[in-house]
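Peer 1: Make a model of the complete structure from these sequences and hints.
Chains as they are written, first to last, in the numbering used here: chain A, 1 to 187; chain B, 1 to 142; chain C, 1 to 403.
A hint or two may mislead.
Chain A residues, not near chain C, derived (Cβ > 12 Å throughout) [to be verified]:
| id | residue |
| --- | --- |
| 1 | Ile-14 |
| 2 | Asn-70 |
| 3 | Thr-117 |
| 4 | Asn-122 |
| 5 | Ala-133 |
| 6 | Pro-146 |
| 7 | Lys-174 |
| 8 | Gln-186 |
Per the computed footprint, the stretches of chain B lying under chain A, defined by three or more beta-carbons under 8 Å from a beta-carbon of chain A, are [to be verified]:
| id | stretch |
| --- | --- |
| 9 | 20 to 30 |
| 10 | 57 to 65 |
To be clear, the hints were calculated from the coordinates, so they are not data collected in a lab.
Cβ coordinates follow ideal geometry from the N, Cα and C atoms, glycine included.
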Amino acid sequence: MVKDGAQLYTMEGIAAGLIMLLTTYLVLGSTSVYTPGDTHITDMQLEQVGSDILKIMDTPRNLTNSLRPNQSDLALMVNTTDQQGFNTSFVGTYLNKPGISAEATQSGSSRIMIKATVWFRNQSSLQSYQLYAPPGNLGNFSAREPGVRVTRLVHLSGKPTGLGPIASVNMRNKPQEALVEVLMWQV
Amino acid sequence: MAGIDNEGQWIIMMGFLVSIGIFFLAIVISQSTLVGQTTAEGVLEFPKNDIQDLRHDVLLVEKFEREGCGCSTPGCQYGTFGCDSNMTEIREDIKQIFLYRKSAIVNITLPRCGGGSYSREVGIHFNNGVTAYDEYPITIYC
Amino acid sequence: MRDSAQLPVDFLVGFTIFILSLIMVANFVPSLLVGLQRTTGIDYDAVAYRTGVVLVEDPGEKTGCDLGTGCVDLGKPDSQGFRPWEQADIYHKNEILRLGLAVSSNTPNILSINKINRFFDTTFFNDQFDSTTNDYRSKLLFSPTYQYGYNVTLQNISPMKAGEPALKMSVGQPYPAGYGYIRRYVLIKQNTNATVNVNKTMAFNAVSDDQVKQEFRIRLDGRILYNRSIDNPYKIDLLREPFTIRITNLSSVLNNSAKNPSPIANSSSQWATNFNYPAELLPPTNATLTNIVFYPSCTAPSIPFYADRMNLTVDPELPSGSTQILPSGTPLTPLPVVNTIELSVDPLWPPGVILFDEYNCLEIGLVFQNNLPHTLVTGSFLYDYTNVTRPSLSTGMLEVGIW
Numbered sequence: 001m002v003k004d005g006a007q008l009y010t011m012e013g014i015a016a017g018l019i020m021l022l023t024t025y026l027v028l029g030s031t032s033v034y035t036p037g038d039t040h041i042t043d044m045q046l047e048q049v050g051s052d053i054l055k056i057m058d059t060p061r062n063l064t065n066s067l068r069p070n071q072s073d074l075a076l077m078v079n080t081t082d083q084q085g086f087n088t089s090f091v092g093t094y095l096n097k098p099g100i101s102a103e104a105t106q107s108g109s110s111r112i113m114i115k116a117t118v119w120f121r122n123q124s125s126l127q128s129y130q131l132y133a134p135p136g137n138l139g140n141f142s143a144r145e146p147g148v149r150v151t152r153l154v155h156l157s158g159k160p161t162g163l164g165p166i167a168s169v170n171m172r173n174k175p176q177e178a179l180v181e182v183l184m185w186q187v
Numbered sequence: 001m002a003g004i005d006n007e008g009q010w011i012i013m014m015g016f017l018v019s020i021g022i023f024f025l026a027i028v029i030s031q032s033t034l035v036g037q038t039t040a041e042g043v044l045e046f047p048k049n050d051i052q053d054l055r056h057d058v059l060l061v062e063k064f065e066r067e068g069c070g071c072s073t074p075g076c077q078y079g080t081f082g083c084d085s086n087m088t089e090i091r092e093d094i095k096q097i098f099l100y101r102k103s104a105i106v107n108i109t110l111p112r113c114g115g116g117s118y119s120r121e122v123g124i125h126f127n128n129g130v131t132a133y134d135e136y137p138i139t140i141y142c
Numbered sequence: 001m002r003d004s005a006q007l008p009v010d011f012l013v014g015f016t017i018f019i020l021s022l023i024m025v026a027n028f029v030p031s032l033l034v035g036l037q038r039t040t041g042i043d044y045d046a047v048a049y050r051t052g053v054v055l056v057e058d059p060g061e062k063t064g065c066d067l068g069t070g071c072v073d074l075g076k077p078d079s080q081g082f083r084p085w086e087q088a089d090i091y092h093k094n095e096i097l098r099l100g101l102a103v104s105s106n107t108p109n110i111l112s113i114n115k116i117n118r119f120f121d122t123t124f125f126n127d128q129f130d131s132t133t134n135d136y137r138s139k140l141l142f143s144p145t146y147q148y149g150y151n152v153t154l155q156n157i158s159p160m161k162a163g164e165p166a167l168k169m170s171v172g173q174p175y176p177a178g179y180g181y182i183r184r185y186v187l188i189k190q191n192t193n194a195t196v197n198v199n200k201t202m203a204f205n206a207v208s209d210d211q212v213k214q215e216f217r218i219r220l221d222g223r224i225l226y227n228r229s230i231d232n233p234y235k236i237d238l239l240r241e242p243f244t245i246r247i248t249n250l251s252s253v254l255n256n257s258a259k260n261p262s263p264i265a266n267s268s269s270q271w272a273t274n275f276n277y278p279a280e281l282l283p284p285t286n287a288t289l290t291n292i293v294f295y296p297s298c299t300a301p302s303i304p305f306y307a308d309r310m311n312l313t314v315d316p317e318l319p320s321g322s323t324q325i326l327p328s329g330t331p332l333t334p335l336p337v338v339n340t341i342e343l344s345v346d347p348l349w350p351p352g353v354i355l356f357d358e359y360n361c362l363e364i365g366l367v368f369q370n371n372l373p374h375t376l377v378t379g380s381f382l383y384d385y386t387n388v389t390r391p392s393l394s395t396g397m398l399e400v401g402i403w
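Peer 2: Right, here's the structure in full:
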């Protein structure tokens, strides 16, 4: 009494529905709407902050009485190999200046550590010596973010004082350019 | 099979069309997540601080040369052999530092300021494989 | 073709199932597109970075034509011309293209205090969040239509120059929960000033009682100030910076003449004689400033002073002191002065009657009374790098938040 020739319609409907639902399930399961580049945004901010600090440390604040630019803080620290002074100035004076109520604490916190190296040319190759290395306890390694490298060229009038044995032999005692390289990372 | 009616096949086709549309949307959305990542990476990739640092240092070195290479003894003044050798070494310093630490080729043009010339034209060339920066001439009066 | 207008039940069932599935799937699609519409996080840090670069590394720019009315000729002369953007007045505000705080394009990260003061002046720039003519959105964020929220804050780290309070300025709205952010460290270049004690050196004391003019001059020599051996961050750039000069101890140069004969004693306890009645002595009274004039090229005949604005403060330490703003050209009403004159001169950017640039010289003359009692002051004070107070660069921190 009931024709069953049209049951195909039902089956086709079910089949079409199943296809669409399956597709949607596949698609939703594969595209991840995640927040990209978070690490890189922090890196960008940290790199800009570090470059700015080196630039400011390398700018003399005033002329001398004979109207020549003074020696910049950075050149003085490299010339005298003032390790602690470099860390105090870089991290303490600028990055973590107490009393500054920064609106955000992403870049500029007590969790940032630095390591500073000076690169100079010896004949036809580059050599380096340490300007500042952090103390042994570096904190929780598993939570460390990748480091950012900032650099600044300094003009030296001769060989700096206070060098280690190898550098003091290999560095020439003439006006030269050296590269101060600072590695910054958050722990 | 002769009694199968083809009339309802359009339902399946509609289903397929909708699925294809959803797949297309998925492809478009998967491209969008790359955009945000490239923005900050693009900033990191551009060597703004390197170029500014290089430019500042070249002008500092130029002034150092023009004012006698920092020497106070009578023989060591601008244009003499002592100053020339200092300048050659300094330029080599800059080239090597940029080549080995920054993977960039740097060429600095510092013509002499003697022989009655009124000014000198300094040139800077920087190329780190992705970004090239050329500045010529920077005219500085002797 | 059927003419009974009846659908098979199976067809209806199948079609219903299909339609129901289609509706369910269509409900899923907006959640896929949410990621495309999202406007938080990804873009804001880039805008904040770009804003930071424009503020810290760009000196800003102003054209010579009004952007509101259309620029037919970019070189159209107007009375403000291509002067630095921080010197634009309210009628030329629309000509400002970009707000940048750097001293020049060769000195990134070194900011000018005059640009800073102007940038954070919300009585000049529109800072309303809801306004469509918000100046910071159009001239700094370059998005006049999209309503970014923003917050720009500048504060100093090392102290400012002596006598100045600590710097903390901001524009924009308070920070919300999520935002893009950049922090820049900067150096701030402040304005110079000079203090002249006319009693300290005989160079400023007149030796003769009957000079033609009792005049104290301030000499601004562009060839000295713009000397190429001075690096850019330390230049005294009077075309772009105001300066202040303070002349003190004027009471010591009053009526120094002793009784006949000369020489003039350098003490105001010796009173002048009344030349009409020589036996009478006159007690010293206040000096009187009668005029301020300009000497173009330091030699030409004097002209009435011409500057956008000069501030004259007389005796600020006394209750009788006064301050006035001097517009250009109007003659000065003679002012009694007990001890101190302080003159603040706005930047000397041309055009104008005066010509001051790196090749020219300009003298500002303060003319004092030449009738009894005489103000026996003379000489010329050279405003150069050794005579004036040059503040050191102060370190500061700039923060930009965008949401």
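Peer 1: Each hint should be assessed against the structure and marked as holding or not.
Peer 2: Hint by hint, here is what the structure shows:
1. Ile-14: Per Cβ check, Ile-14 (chain A) is inside 12 Å of chain C; nearest 5 Å; violated.
2. Asn-70: 9 Å, violated
3. Thr-117: The claim holds: Thr-117 (chain A) sits with its nearest Cβ about 22 Å from chain C, beyond 12 Å.
4. Asn-122: Since the minimum Cβ distance to chain C is about 31 Å, Asn-122 (chain A) lies beyond 12 Å and the statement holds.
5. Ala-133: About 24 Å separates Ala-133 (chain A) from the closest Cβ of chain C, which puts it past 12 Å; holds.
6. Pro-146: About 17 Å separates Pro-146 (chain A) from the closest Cβ of chain C, which puts it past 12 Å; holds.
7. Lys-174: Correct as stated: the minimum Cβ-Cβ distance to chain C is 24 Å, above 12 Å.
8. Gln-186: For Gln-186 (chain A), whose nearest Cβ neighbour in chain C is about 15 Å away, the distance exceeds 12 Å, so it holds.
9. 20 to 30: With 6 residues in contact (Cβ-Cβ under 8 Å with chain A), the coverage given for the stretch 20 to 30 of chain B holds.
10. 57 to 65: This one holds; 4 residues, not fewer than the three required, reach chain A with a Cβ under 8 Å.
This entry does not satisfy hints 1 and 2, going by the numbered hints stated previously.
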